[in-house]
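Working from the sequences, and respecting the hints, build out all of it.
Using the numbering used here, the letters of the sequence shown correspond one by one to residues 3 to 239.
Keep in mind the hints are simulated off the structure, nothing from the lab.
This structure is a prediction, so every number in the text was calculated from the model and none was measured.
Certain hints may be false.
Taking lysine-lysine and the DSSO-like style, the derived pairs with C-alpha atoms no more than 27 Å apart in a straight line are [as the list claims (entries may be wrong)]:
1. K136 / K47
2. K47 / K123
3. K64 / K47
4. K78 / K104
5. K46 / K123
6. K27 / K185
7. K186 / K27
8. K138 / K123
9. K115 / K100
Ranges between beta-carbon positions, derived for each pair [stated by the list, open to error]:
10. P237 / E41: 54 to 62 Å
11. H141 / E111: 42 to 50 Å
12. Q71 / E41: 39 to 47 Å
13. A182 / D202: 23 to 31 Å
14. F222 / A163: 31 to 39 Å
Here a beta-carbon is modelled for each residue, glycine too, at the ideal position from N, C-alpha and C.
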Amino acid sequence: MTELQKLYRLQQVDLQAEQLQKELKTLPVIAAFQQLQNETAAAKKTVTETENRLKDCEKLIKHLEFDLQQIEAEQKDIQAELYGGSGHKAKELASLEKKAGKLGREKAELEEKLLSAMETKEALEQALPEAWEKYKKLHAELLALHKSGNEKIHELKSRLAGLQAEREALTAQISENLLAEYKKRRAQYQGKPLARIENDICSGCRVVISFTVKRSLQQFPGNTYCENCGRLLVPSE
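Next up, the structure:
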């Protein structure tokens with residue numbers, strides 16, 4: 003392999019490496035992983051929120067039950083005074099009856115709140131296992147996708163490492179002048195500043211080269227350019 007052919011191979015290596023790097027950045031598995039990661043995080047958040055709501059609901063029920071017990075105890079005391087034959091005056095009896103009515107209304111309100119809290123607790127107790135099940139399913143899928151994604155990423159990185167090693171070996175065998183020319187012209191030709199001659203046709207622009215260019219390529223390899231596209235020409239092997 004001549005020095006010019008090695009430079010052409012370097013161009014191929016660079017193009018392959020760029021394609022692999024692009025694949026790494028746009029792997030479908032990465033987008034799928036991010037989507038599944040978001041779904042798993044949302045499912046975990048739902049579990050946590052449901053657990054917290056259930057705890058709050060249980061605390062509320064205990065608080066309501068305690069308040070209800072207090073009211074029932076007060077009602078019992080008032081009933082004892084009203085019907086215990088204590089000989090209260092009419093004004094005192096009216097006050098006790100008024101208080102008894104107020105306690106009755108408070109009790110009814112507490113019982114309504116307690117019933118609502120117990121219904122909420124029942125719904126949360128049913129929702130929590132379902133939330134956990136959804137989270138566990140998504141988490142398992144996430145782990146599986148992470149494993150397969152890592153395998154694909156490892157494969158691409160391994161291929162990149164191989165190309166990098168080949169690139170280093172090639173650059174060590176190519177003159178600095180040729181490398182500098184290649185580097186300078188890469189952007190201008192979208193990474194393809196060199197073109198191979200295939201059946202007297204420039205592989206870069208697909209135009210037939212002239213006899214003059216053919217002769218120049220034989221006499222001045224490494225310094226002959228396509229008359230049409232301006233790429234550095236490389237003779238076929």
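These are the hints, each one checked on the structure:
As the CA atoms of K136 and K47 are separated by approximately 11 Å, the hinted pair is consistent with the 27 Å bound. As the CA atoms of K47 and K123 are separated by approximately 19 Å, the hinted pair is consistent with the 27 Å bound. With a C-alpha separation of about 26 Å, the suggested pair K64 and K47 falls inside the 27 Å cut-off, and the hint holds. Proximity of K78 to K104 is assessed by CA-CA distance (about 14 Å); at most 27 Å being required, the pair is judged to hold.
Distance check on the hinted pair: K46 and K123 sit about 20 Å apart at the alpha-carbon level, within 27 Å; holds. About 24 Å separates the Cα atoms of K27 and K185, which keeps this hinted pair within 27 Å; it holds. As the CA atoms of K186 and K27 are separated by approximately 26 Å, the hinted pair is consistent with the 27 Å bound. This hinted pair checks out: K138 and K123 have alpha carbons roughly 23 Å apart, not beyond 27 Å.
The suggested pairing of K115 with K100 holds, with an alpha-carbon distance near 23 Å, which does not exceed 27 Å. Checked against the hint of 54 to 62 Å, the pair P237 and E41 passes, with Cβ atoms roughly 56 Å apart. For the pair H141 and E111, the supplied restraint of 42 to 50 Å holds, since their beta-carbon distance comes to about 43 Å. For the hinted restraint 39 to 47 Å between Q71 and E41, the CB-CB distance of approximately 45 Å keeps it satisfied.
For the hinted restraint 23 to 31 Å between A182 and D202, the CB-CB distance of approximately 29 Å keeps it satisfied. Range check, F222 to A163: about 36 Å between beta-carbon atoms, so the 31 to 39 Å window is met.
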